[in-house]
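Asks: Residue-level listing of the chains:
Number of protein chains: 2
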Amino acid sequence: MPFAVRSKLTLRGDRVNVDAGQAVDIVSNIFVQIGCSEDTAGRVAEHLADTSLCGMESHGVMRTLQYTEQFQNGYMTPSAIPRICKTVRGTEEINGGGGIGIPAMHLAYQHGMAMASESGMSVLAIRHVGHTGRHGAFADTAAEQGFLTICVGGGNRHKWRQVAPYGGARAMLPTNPWCIGIPGGEHGPVVLDFATSKIAGGWIYAARSAGALLPEDCLIDVHGNPTRDPEDYFNGGAILPAGGQKGYGLALVGELIGEAMLGPSTTEGNWLLITIDSKGFRESCAAQIAAEEVLKELRECPPAPGFERVEVPGERERDYRTASKGIISIPESTWQQILTLQDSLQD
Amino acid sequence: MPFAVRSKLTLRGDRVNVDAGQAVDIVSNIFVQIGCSEDTAGRVAEHLADTSLCGMESHGVMRTLQYTEQFQNGYMTPSAIPRICKTVRGTEEINGGGGIGIPAMHLAYQHGMAMASESGMSVLAIRHVGHTGRHGAFADTAAEQGFLTICVGGGNRHKWRQVAPYGGARAMLPTNPWCIGIPGGEHGPVVLDFATSKIAGGWIYAARSAGALLPEDCLIDVHGNPTRDPEDYFNGGAILPAGGQKGYGLALVGELIGEAMLGPSTTEGNWLLITIDSKGFRESCAAQIAAEEVLKELRECPPAPGFERVEVPGERERDYRTASKGIISIPESTWQQILTLQDSLQD
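Keeping their order, the protein sequence lines are chains C and Z.
Numbering follows this note's numbering, in which position 344 of the first sequence is assigned residue number 344; successive positions increment by one, without gaps.
Numbering follows this note's numbering, in which position 115 of the second sequence is assigned residue number 115; successive positions increment by one, without gaps.
Quick caveat, the hints were computed from the structure, so don't treat them as lab data.
All C-beta atoms in this analysis are idealised placements derived from N, C-alpha and C, irrespective of residue type, glycine included.
Mixed in with the good hints there might be a few duds.
Here are the computed lysine-lysine pairs in the DSBU-like style, where the Cα-Cα straight-line distance is at most 35 Å [said to hold, decoys possible]:
no., chain 1, residue 1, chain 2, residue 2
1, C, 279, C, 296
2, C, 296, C, 325
3, Z, 279, C, 296
4, Z, 279, C, 159
5, Z, 325, C, 86
6, C, 86, Z, 86
7, C, 296, Z, 325
8, C, 86, C, 279
9, C, 159, C, 86
10, C, 279, Z, 159
11, Z, 296, Z, 325
12, Z, 279, Z, 296
13, C, 279, Z, 296
14, Z, 159, Z, 279
15, Z, 86, Z, 296
16, C, 159, Z, 296
17, C, 325, C, 279
18, C, 279, Z, 86
19, Z, 296, C, 86
20, Z, 279, Z, 325
Over the 12 Å line for every Cβ pair with chain C, so calculated as not near, a few chain Z residues [to be verified]:
no., residue
21, 14
22, 74
23, 77
24, 89
25, 111
26, 150
27, 192
28, 195
29, 198
30, 206
31, 212
32, 228
33, 231
34, 234
35, 327
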């Protein structure tokens, strides 16, 4: 099979084009070889390929290598199957069994929507999970079906002290993200999926390996002074919270949800998913017309200097997916590592 | 009664100290004279006085003058009584009847908690309301009783185009706030209550009247270029969103909730209140201990240059209230206007 795929590669400098279906087959095969169920392997591979098609490379197919390492070193359990549990306190929880979080999060959104369809809304904990992938993908799907979702969590600040609290000189909290999806107008849902820090941690590693400086106002050094040098981060510095006290507050709420309300966190972090059936408040068609009025105004807003246009959150990923026509562009070295990994597992 | 109160005033430059109980009596009396019920008048007066005691002057007793004007010019209906309604679509709504939003929001949090106590969570719309006061006060009370609450909304962007979308050169959206409360540690709940813009609109009026410049990176002029001059705002400029695309996204979600999902907005805006019983997930004592571990670390974080300490959101207001010992410090001219207003209504 690797040969069949290689023949499809079109080299473009240091990137290759890969058919998404072929990428799903290869990545899925790798996870099955490692010990994942067919369901888990397929779900994760499809999620990663779709994320790459949406142009979110950092959360796309290149994660195959990291996940494989985390399966192999015992950080995540390959054979885990996420299950819906009723807790002793009567609430519902998705228990990921210490496995990868993507199928658990998929199950959470599916179950959350089913519950909300019956009673108008639902709240679920997602626990004992590794990385949960691109939350925006789940929120987009749910919003297309008429659901407002809010997903937030955190935990394991002892492992992931990356971000300084507002007014502080030390990294104390993870980049705890928030994801919110709501039905939109004619172009589909509005989806927010953001870290509560100025930049994601991956940028710092990228800047370090490229020998580059980071933008202003993103990092502080060990003394709490502004810096653009990624080395200062590794020498006791920190990322600043997005929007000062506002991003700090949102990160703190995530940490309290993950560690205190749903804690303690185990594999990576704990998540709370709130799902609300928007049709319980207003008929979908009227809501869509009203949403489109708001969104159309924004799309027509004159851009500020240095910008091409005002974007509606969620549209960029869907437009990228449409334009990609099922072809993933991926750095050649990453793709070669994935192919080599597959070869090594089949020996 | 005005004479009795005046005798309590202790002049300190251009501020006066007023006993909170006396302020409640006077403010409540004003609203009754205007046509509010005793319940509404008392609820609003107590909310404003408590907000002043918490040091949030902009949302405190000085709002008496604005609310009075809005009652008198027909923007809000004094006699309105908020009611719990079941909508035709089966969801629950607090209908404010076009009155002031403070008693409606109080009722929403009370009813939201009662519903969540039974079924674990609740979601409510709050509609047909004027200004809803300091949301953090309601969230703090709910979190003290074990409830995680998220309240957000928006609407009436046609009246309140204050904030530019990320990448845009025009004011398009209101400052749509988010309020989140969650049980905390030994010092009580963690409460976020923030506008999604870099600064609240009131600052611009304050800077204009003081002939002052605003901080950097808060405003743009009509061409989308950065400015510190408040006059540029009034000449077609805009406030920037907090945290760039993140604050813009949160404001947009608020606007879609207010105008599309719960809309159209009438008096001022529409709100969605989500209430979750945290005890459904973890026993309160264990959660409090885990929360205190997170919060204690933050309180002990070394401060960044220019800061005294890291704050835990919600603590400043409670500490201010304790330190105030029931005495409100208010600008003398504001207080004189309130006393004059009371006199005029009793004539």
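Asks: Among the hints numbered above, which are violated by the structure, and what are their numbers in rising order?
Replies: 3, 5, 7, 13, 14, 15, 24, 26, 27, 28 and 29
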